[in-house]
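Hey, can you work out the whole structure from these sequences and the hints?
Which chain is which? The protein sequence lines are A and B, in order. Under UniProt numbering, the residues of the first sequence are numbered 1 to 283, in order. Under UniProt numbering, the residues of the second sequence are numbered 1 to 449, in order.
With a Cα cut of at most 16 Å, we get these calculated EDC-like pairs of lysine to aspartate or glutamate:
#, chain 1, residue 1, chain 2, residue 2
1, A, LYS239, A, ASP228
2, A, LYS124, B, ASP222
3, A, LYS102, B, ASP413
4, A, LYS263, A, GLU199
5, A, LYS145, B, ASP413
6, A, LYS124, A, GLU165
7, A, LYS147, B, GLU108
8, A, LYS124, B, GLU329
9, A, LYS124, B, ASP220
Because the hints were derived from the structure by calculation, they are not lab data.
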Amino acid sequence: MKRRKIWTNLSTAVLIATPAATQAAASPAQLAFAIEARADECLVQLAQHQGHGGAAMPATRDGEGEGGAAELPASLHLARGIAMIRGHLLIGGELIEAGRWKEALPHFLHPEEEIYASLRNDLKAYGVGPFQTTLKALSQTVKAKNKEAYARARATLEERLAAAESAVLAKEENKPYFVLETALETLQQASDEYEEAVENGRIANVVEYQDARGFVYEVDRLVGAVADALAAKDAEAMKALRASLSDLKATFPTPMPPQKAVKDAGEFLSAVSKFELQLGKFR
Amino acid sequence: MPRTRRFEPGLRLAGLALAGLGLAGLCLGAFSASVRAGSGTFDADHWRRVFARPEYAPMPTGNATTPEKVALGAMLFEDPRLSGDGTVSCATCHQAELSFTDGVPRHEGHDGQPLDRRTPSLWNTAWGLSWFWDGRAAGLEAQAAEPILNKREMAGDVRRAVEILAADASASRSFARAFPEDPTVTRDNILKALAAFQRTLVSPETKFDRWVKGNDDALDQDEMAGFRLFVGRARCVSCHTGWRFTDEAFHDIGLPGTDPGRGAVLGLKEVDNAFKTPSLRERVWTAPYTHDGSLTTLEDVVDHYADRVIERPTVSADLPRRIELNATERAQLVAFLSTLSSEDPPRPASLPARTIALGGDAQAATTFVGQKNRRFTPGAVLLKVGEVLRIVNDDTRVHNVRIDGPGMSVNSDAQNPGDTVTVGFDQPGRYDAICGVHPEMRLTVQVEP
Numbered sequence: 001m002k003r004r005k006i007w008t009n010l011s012t013a014v015l016i017a018t019p020a021a022t023q024a025a026a027s028p029a030q031l032a033f034a035i036e037a038r039a040d041e042c043l044v045q046l047a048q049h050q051g052h053g054g055a056a057m058p059a060t061r062d063g064e065g066e067g068g069a070a071e072l073p074a075s076l077h078l079a080r081g082i083a084m085i086r087g088h089l090l091i092g093g094e095l096i097e098a099g100r101w102k103e104a105l106p107h108f109l110h111p112e113e114e115i116y117a118s119l120r121n122d123l124k125a126y127g128v129g130p131f132q133t134t135l136k137a138l139s140q141t142v143k144a145k146n147k148e149a150y151a152r153a154r155a156t157l158e159e160r161l162a163a164a165e166s167a168v169l170a171k172e173e174n175k176p177y178f179v180l181e182t183a184l185e186t187l188q189q190a191s192d193e194y195e196e197a198v199e200n201g202r203i204a205n206v207v208e209y210q211d212a213r214g215f216v217y218e219v220d221r222l223v224g225a226v227a228d229a230l231a232a233k234d235a236e237a238m239k240a241l242r243a244s245l246s247d248l249k250a251t252f253p254t255p256m257p258p259q260k261a262v263k264d265a266g267e268f269l270s271a272v273s274k275f276e277l278q279l280g281k282f283r
Numbered sequence: 001m002p003r004t005r006r007f008e009p010g011l012r013l014a015g016l017a018l019a020g021l022g023l024a025g026l027c028l029g030a031f032s033a034s035v036r037a038g039s040g041t042f043d044a045d046h047w048r049r050v051f052a053r054p055e056y057a058p059m060p061t062g063n064a065t066t067p068e069k070v071a072l073g074a075m076l077f078e079d080p081r082l083s084g085d086g087t088v089s090c091a092t093c094h095q096a097e098l099s100f101t102d103g104v105p106r107h108e109g110h111d112g113q114p115l116d117r118r119t120p121s122l123w124n125t126a127w128g129l130s131w132f133w134d135g136r137a138a139g140l141e142a143q144a145a146e147p148i149l150n151k152r153e154m155a156g157d158v159r160r161a162v163e164i165l166a167a168d169a170s171a172s173r174s175f176a177r178a179f180p181e182d183p184t185v186t187r188d189n190i191l192k193a194l195a196a197f198q199r200t201l202v203s204p205e206t207k208f209d210r211w212v213k214g215n216d217d218a219l220d221q222d223e224m225a226g227f228r229l230f231v232g233r234a235r236c237v238s239c240h241t242g243w244r245f246t247d248e249a250f251h252d253i254g255l256p257g258t259d260p261g262r263g264a265v266l267g268l269k270e271v272d273n274a275f276k277t278p279s280l281r282e283r284v285w286t287a288p289y290t291h292d293g294s295l296t297t298l299e300d301v302v303d304h305y306a307d308r309v310i311e312r313p314t315v316s317a318d319l320p321r322r323i324e325l326n327a328t329e330r331a332q333l334v335a336f337l338s339t340l341s342s343e344d345p346p347r348p349a350s351l352p353a354r355t356i357a358l359g360g361d362a363q364a365a366t367t368f369v370g371q372k373n374r375r376f377t378p379g380a381v382l383l384k385v386g387e388v389l390r391i392v393n394d395d396t397r398v399h400n401v402r403i404d405g406p407g408m409s410v411n412s413d414a415q416n417p418g419d420t421v422t423v424g425f426d427q428p429g430r431y432d433a434i435c436g437v438h439p440e441m442r443l444t445v446q447v448e449p
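Structure below.
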């Protein structure tokens, strides 16, 4: 099972934002444990996730694989799942454009193998039609290196994802803030992937590097879609968000990794925390 | 429709005995049971009999299925020399990776325009009663000739192809092995070999077959609800019946278009717009759907039957009109349809497994590693420089082998079940291999001088 290291400073930031009673109750043993928590256990409740005001849907726990970070409200769980699928498609598409079908294939297989099963109930709860067969059909076209069939299957899947995304957003009162929450969850997944990718200053696992790149660029797209609304609320905080995203994107100069890793895992997580620290300003 | 072929026990298949039963009988059985289903009862035993897989694949007299003939047919299937310009093979449209279709609505023909109809999948064609969407071929051997000769498809000249193959010593030997009674390259032998190969393309057992065999838990709640709709209110079973889920008949299903289909073959206006009921086996892997490839997903197919059937005099009497299906029920139908496909794209046993060589001497000493259940087994191996690691996909899903430096960088591409990846190591050191599809799969290779 993947273990998820939580950066100490981030934990501190979380504790600062947590009610005093909770801080008082946190024993040294609990803090130590929180520094390295199992990926499927919700040991740290991020401040901005408390009292999440989205749709009144049950929380969702994940199974194995990607998306196994925490127990999330169904709305956020589904939105993050969609973002992760899109992140995979994004990096996969880049690799296909570069003629790297072999490299692209895992990114079209992961959504169905590692993400979709955990979204099944959320999709039902939101009345969104299933799209597992569409994911399978798409990955087949990549396996066959059939560009025409790929383009068609990809367009079909994008339609399904757009429908799912609309269904989730329709039930959110504060859409821009919800998008930011989704972005943060996706970035945290990216940091898990990046940590798996880096070893001794080099990218030892190319697939995980590419996953992380896809997730970060998808977050960039998500934030860009609500940028005007966010800037209207707090222009300075929006600038800071953009700066942290630029910093994160700079970690991935190309779809294929550079010889030397641009950041180590701690630096990456630090950049994620800078993004996170702005979120409270957009409530 | 009269049956002109004598069916003999041929390839023994897993499943319950059904060989020799006429589809007409199945249809009658399906109809009477669908009445029962419509009245609210569900007779599981009945449906298990209706959808039971046969034990044997049919084999016509005069073209026995032999391993040598199948191997030759598999080779010819991918041989572009059968086409006029030497660039198109059967596999150009019938791609094994896409369940013997091509993933597009209509493949581009030699003239740069889309062909008239969607490339049909080739699973289970051995059980067909006629071939092509309009049923114009009466046998698989006859069917095999048409795409080769069609000017918009392979635009082949069989006489020239025979000369080319006869001049190829390796191909000639394969023909001699496949046809010991007539050891020559001939038009008939080409078609017989292609047909023999196609008869081996049998879709594997799926989740639904496990239910048919008596496992009541094989289908989840939604899948079972979808099945009940399929044989009940939605009346899909009226045409999609029998273990292949086709009545082998021709129906106008109310799609837009002017293609006369079966009507042109028979010269009967009454059956204009009618096309053969396609099998529903392995359909997850064969989008887009219908004779014109106009329905993109299985969801679209269900929506078509529920909402979009064009009314005209030729629309099939078997087609239900105005089915009231809510979103949940439509999703349940799709869930059920998915149980007729393998969890991972199947690859027929008659296609040779690939060996993907990533360096190394094929004759060198080898160490074997398996990949069953998403795990490299063993998870660590010790080799000497020059030795070869042979990684066999003995799992049921697609894997991949990659090593990302620093001393070596290799990526095997998709490794289908049965495929082997061989990796040579010419430098000592430690190498970490992963499966790019399942990155939690790790293999440590220690190479000593």
